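In the order they appear, the protein sequences are chains A and B. Numbering follows this note's numbering, in which position 195 of the first sequence is assigned residue number 195; successive positions increment by one, without gaps. Numbering follows this note's numbering, in which position 135 of the second sequence is assigned residue number 135; successive positions increment by one, without gaps.
Watch out, some of these pointers could steer you wrong.
[What the hints assert, rightly or not] When the alpha-carbon atoms are kept at most 25 Å apart in a straight line, the in silico PhoX-like pairs for lysine-lysine are as follows: (1) B/K159 / B/K101; (2) A/K110 / B/K159; (3) A/K133 / B/K159; (4) B/K159 / A/K129; (5) A/K110 / A/K133; (6) A/K129 / A/K110.
[Unchecked claim] Label-pair ranges, simulated between beta-carbon atoms: (7) B/P154 / A/R246: 41 to 51 Å; (8) B/R147 / A/R148: 49 to 59 Å; (9) A/A194 / B/S113: 50 to 60 Å; (10) A/T2 / B/P154: 49 to 59 Å; (11) B/E133 / A/R246: 36 to 46 Å; (12) B/G75 / A/E37: 43 to 53 Å; (13) A/D162 / B/E133: 22 to 32 Å.
[Said to hold, decoys possible] Chain A side only, calculated, beta carbon under 10 Å to chain B, not exhaustive: (14) A41; (15) A43; (16) D48; (17) Q52; (18) T54; (19) H55; (20) A125; (21) E144; (22) R148.
Hints in this document: simulated from the structure, not taken from any laboratory. Keep in mind the model is a prediction, meaning the values are calculated, not measured. Even glycine gets a Cβ: it sits at the ideal position worked out from N, Cα and C.
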Amino acid sequence: MTPDREALFRYALRLGDDSLVLGQRLGEWCGKAPMLEVDLALANLALDLIGQATHLLGYAGEVEGVGRDGDTLAFHRDVLDFANCLLVEQPNGDFARTIARQFLFSLWRKGLLEGLCASTDATLAGIAKKAIKETRYHLRFASEWMVRLGDGTDESRARVIDALDWCWRFVDELFEADPVTAALVAAGVAPDPAALRAPFDAELDTVLAEATLERPASRRGVVGGRAGHHSEHLGHLLSEMQFLPRAYPDAVW
Amino acid sequence: MSRAPTALLDRAARIRAILAAVPDPEIPAVSVMDLGIVRDIDPEGRSVVITPTYTGCPATAVIERSIREALAGAGLGDVRLVSRLDPPWTTDWITVEGRDKLLAWGIAPPPASSRLKGEAPACPRCGSLETEEVSRFGSTPCKALWRCRDCAEPFDRFKCH
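With the rest of the complex left out, here is chain B (with noise of 0.2 Å):
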């Protein structure tokens, strides 16, 4: 009696690892935990909510066949998928380890909170502020192309969304 809570707990916790280390597949840097795609873990193990961040990401599909495949290799396959777009995926759920994983990549995260939307971005390269939008689209729907007027580098940047 008192040894089946822990067992589901530690299921919760055993699916909560394995997701943290499903990449994102365009940006592999980063995993479906750091960018808050995972909603909802239910305490039991049963089931993983999960949500797109972009309606139109080629990427939503293949995150969730990784999901999948993972789960299913550590022989959690009988978990549950859920999708849900209501509340709508915003940048404010990617966690801390998420931006600072982000920035080491190369790619300046989104601001801390999305009010912050309007102010440039720190150079991910040399850290100045002197930058500027180039294109408000980019290689992927989540991220636009920015330069830094101090070093010359071009660098993407996740979107405020």
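Bound conformation, chain A alone (with noise of 0.2 Å):
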């Protein structure tokens, strides 16, 4: 691979990750949601997540181009080669912690989807333009949930406080450059991840304002997942995902 072949190659992955770490968490809740509205609503969004990956994957592999497709991607690569952000392999915790991260995630990836539609790579541009569409109602969904938690009752105020100060270390990380990034943002592929903070920020704020909840004290963030350095919770979210192609190789759908 050419080192742009091998930069698209790994960001396509990222953002494949991304989607199918985060898919697979939001289906854990499958079954025993708060109530059957919510259980439709994370299992739709987890759906969305893995149709999404499934473009990422089948398309960095096809970049790849040395015969892994979409599902060997997913199920034939251990923790160490996993390249998702930090903050959706967190573990679901209670519902508000689920809700903050999804919140923070379809903030953060709608600004980067928007990007994307404009980029130069025609494949990742067509995944975009799909994916956006759906990422713009999870995070109404999120943000609508964030509301009603903070400007709720005492106990689900004081839940969510908890749940977004303890998913905000995981924040920075999203907006990190590299030379994977520095790359294609030169080329026109990528958005600079950089600047996509500012927005992020602003709508942050306003949702937060509605929720009369604060922006939690800066900190230094926790980085790492975008070279495969991931907390121990990944390790045991591919065991149990990756489990039947592994144990069963010949299995097909």
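Take the two lone chains and join them into the complex the hints point to.
What follows is the structure in structure tokens.
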């Protein structure tokens, strides 16, 4: 692979892994969400994300060009080869933590996809145009719950403050630049990650104000997911997600 | 020489007729043509372009297989099936007949244009406009759950997408 193709492969892999891991996490709520409507909603979000992962990982495999397809990338890689951000692999926690995680992720992802719609890479632009519609929906859902929890009961408020505080340490990583993004920004393939921060903060503040919440105190962000340095949680998630294709490699859909 | 183009036209028309009878697996009242899933049939009837509705819709694979089987069953197994994402599918592509069929099936169709997305749908049972959204996420990725305040019946609404 040329360095350009290598960067594109890595980038598609990151986007795909973000979607896949969060989709798997949200699927864990299926059948035990606080109420039926939320159960359906979280399962729908999970489906959208796994659908996006199918496209993104499929494209990563195509760019890599050694015969790995989306399923191979999803089911036959180990923890260290996953390039998702740390935010998405965090356990669901209580409902507030799931919502805070979704809110931060969807808000960041919306800005990223808006930028990718104008990508010079036609495939990424096509996937982004499709995914942006779904992501706006996810953001609306999560924002409304942030307001409901933050401006709700004492209990819901205390929990969502805790949740936001927990998730906050993983936000800086989303805007991190590295040689992969630098190469793609220069080629017009990807938006500059750092440039997504200001619009993210502005929209964040609007929702938090409505939820009568404050932005958590800034602290040093935890990073490393893009380079394969994950929390222990990801391995447990993969062991469940990958079990069947690993135990029965000949199984087909 | 003069007969060839007619034969080719026939082939495309045949494909169109076959696909008009392939139902959506989740909402069998409407066909893949009604929903705008079939984006293009080339004039010579050699290939069909389809598009997924929602990226995570589990019906996508079933739809593709149903189309292949229907074509193969009619001796058109050599038609190439191409999946295209861009421009992304929108509910604006659901045909007028498709909207009527959805309504008759008890599902409020999406508005005729996505610019009208903010408007409440009429209740598919009693026609009242006094309706409210219960949940933005429903039984399938494409539907939201609504309720009629007049007749009190819950109903599915095809999301404006």
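Restraint check for A/K133 with B/K159, where alpha carbons must lie at most 25 Å apart = Holds, because 12 Å separates the two Cα atoms, which is no more than 25 Å.
Hint check: is the beta carbon of A/R148 less than 10 Å from a beta carbon of chain B?
-> This hint is violated: A/R148 lies away from chain B, its Cβ roughly 13 Å from the closest one there, beyond 10 Å.
Status of the hint placing A/D48 at chain B (closest C-beta pair under 10 Å) | 4 Å, holds
Going straight from one Cα to the other, do A/K129 and A/K110 come out at no more than 25 Å?
-> 11 Å, holds
Is 22 to 32 Å right for how far apart the beta carbons of A/D162 and B/E133 are?
-> 30 Å, holds
Is the hinted pair A/K110 and A/K133 satisfied, with a Cα-Cα distance of at most 25 Å?
-> Status holds; Cα separation ~9 Å.
Is the Cα-Cα distance between B/K159 and A/K129 25 Å or less?
-> Given that 25 Å is the threshold and the Cα spacing comes to 17 Å, the pair holds.
Restraint check, 10 Å cut-off on beta carbons, for A/E144 near chain B = OK, holds: A/E144 within 10 Å of chain B, min 9 Å.
So the hint says 36 to 46 Å: do the beta-carbon atoms of B/E133 and A/R246 match that?
-> 42 Å, holds
Quick one: are A/A194 and B/S113 within 50 to 60 Å, going by C-beta?
-> 38 Å, violated
Regarding A/T2 and B/P154, is the given constraint of 49 to 59 Å on their beta-carbon distance met?
-> 56 Å, holds
Holds or violated: A/K110 to B/K159, with C-alpha atoms at most 25 Å apart | Judged against 25 Å, a Cα distance of about 20 Å means the pair holds.
In terms of the numbered hints stated before, the structure departs from hints 8, 9, 22, listed from lowest to highest.
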